[in-house]
Each structure stands twice: as structure tokens, then as C-alpha cells.
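Read in order, the letters of the sequence shown correspond to residues 20 to 315 in this note's numbering.
Derived by calculation from the structure, the hints in this document are not laboratory data.
Each statement offered as a hint is correct.
With beta-carbon atoms standing in for the labels, derived distance ranges:
1) 36 / 250: 39 to 49 Å
2) 195 / 304: 38 to 48 Å
3) 173 / 280: 43 to 53 Å
4) 199 / 116: 22 to 32 Å
The beta carbon of each residue, even a glycine, is placed where N, CA and C say it ideally should be.
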Amino acid sequence: MEIAGSLCAIATPFDKDGALDLPAFGRLLDYQLDGGTQGIVVAGSTGEAHMLDEHEYERLLTFAVERVAQRVPVIAGTGEAATSRTIAMTRHAKTLGADAALVVTPYYVRPTQDGLRRHYGEVAAHCDIPVVMYNVPSRTGCDLQPETVAGLRDTAGIVGIKEAVGTPERIAALAQLKRPGFVYLSGDDGSAADAMLAGAGGVVSVANNLVPRAFRALCDAARGGDRGATMQHAARIQPLLEALNCAPNPIPLKAGLAELGLCRATLRLPLVELAPGPERAHLRETLAPLAGATMP
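Taking the hints into account, I'd like the entire structure generated from these sequences.
Okay, structure coming up:
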């Protein structure tokens, strides 16, 4: 299946006791599919992947694969700090039915560019599943440079990159690397419109959890090259993106999902819920006109 367009880095819901809430996860998946989302990323950073134990990861990914039923790609987050552990996780995701793996750069250990090149080469060589590289230096402590991406682009099994650095220079550098069989996906909601107008094939979005129809409209306009319509959609979404920046992801996102009645705002420590107050009120105010009739 094609990995492109409006993709959602879906949240992982927990119940009031902090246990995995699969009925709520079903609501989130249905909300995305009904809203036109074109791909689901399970157990990424937005999905609190590192808060899940192995059994929970299996239940979550298996549930998503069964619920989505091949209507759109299900992409599993499988990146770990060690290459050997990443290979094991990526192979496991394949056995659970994932269509592709999203492999974040090894976090905390801060590898060199040669280490990153060898890391992704080993994962691709030893895992029979399409691999999308994921660069998010603000969380991992290392930055996969465009030159390294260029060297990996033609590696068998590597089908794209999700790039969270949204500077004009980075967008331009990665846009020129796209080709059939290798997709550049924006991983930054704020610059996604610019990235897609420059040639990115889509966005893996956080805010899409809340307003899938709005993000699908943005992606359709941008991928169609309609700059005017794209800027209109982006301007409409921008206040929500700013409201979601009040705390680290997915804290505000889960508060927004709770406002929509889709799941609880429960997180696992060390993450804590967004407290009632001006920031939460502002989030609700910016969400309401975009969510429309879905607001309780």
C-alpha cells in the first residue's frame, strides 16, 4: 500500500487506572478512518511507545491491524537505541501484521552519521518489511543529515523518511531526494504545508488525531499544488497547532482527545495531565471550530 498523504501518529489511550484502553483505541481508529486519514502510525512517540510493555505493544498493534483491515497502511514504531533491539522489534512488528516500520534514529546514544548509515542498512538488510526512517533530533539527541539520507535512499527495503526538522533548508534538501519508491514525509505539523508544496508526499501528524478531516483537506490541496487553498487550510489549523505547543506531546493532545470524548486524558509517569486552567481552556476554544459537531 502507498505510504503518503494524511497519516496520523495515533495516541495510545489508557483507562482511569492507567491500563491500556482498547475500546477507546477502537474509537480513535474509527474516527481517523471516518475522517479520511490515509495511514496510521501505531506506537510512535505520540503513542507513548516507551511506556508500553511488550505484551501491551503486541495487543495494541494487533488490534490496529485487525480494526483497520487493510483499508490504509498500519505502520509500527519499532526504533530502539540499539541496532540489534531495533531489528528484533521490526521483525516482531512484521509478524503482528504491520505494513511498514517507522524506525526512529537511535536515541540517547548519539551515533555518528556513519553509525546511522550502518544502523539503517542493518535494519533494512535483516527485516522483511518496508522501513521508513524517522529523524526527530529534539527527542533523540542526534540528527540524520540529508547527505546520509541520500546515501541510504537506494537501499533495498528503505522506502522513505519522516523528517521532523521543518526549516526551509531541510525541506529543500529532502524534497530533492524524493523518487518513486522513496517518500519524504513531514513530521512537523507547523511546516507540513510548506514541505508538501515543496514536494513532500504527506505528513505524519499529531494534530490529525483531533481534526482528521482538516488535515486531509490540507494534504489534498498541498499535494495537488494548490498553494492558495493550502495556505487557507494551514491558517485555519494554525491556532490549534499553537495551542498544542503549551506542553510536550502528547500531553495537550490527550487533553484535546478528552474534550472530544474519544478517550481519557490519562498518561503514564513521568508524563502528567494538562491541568485545568487557561491553557486547557484555550485548547478547547481553538479545537471547537475545527472539530464542529464532534464536540460534546
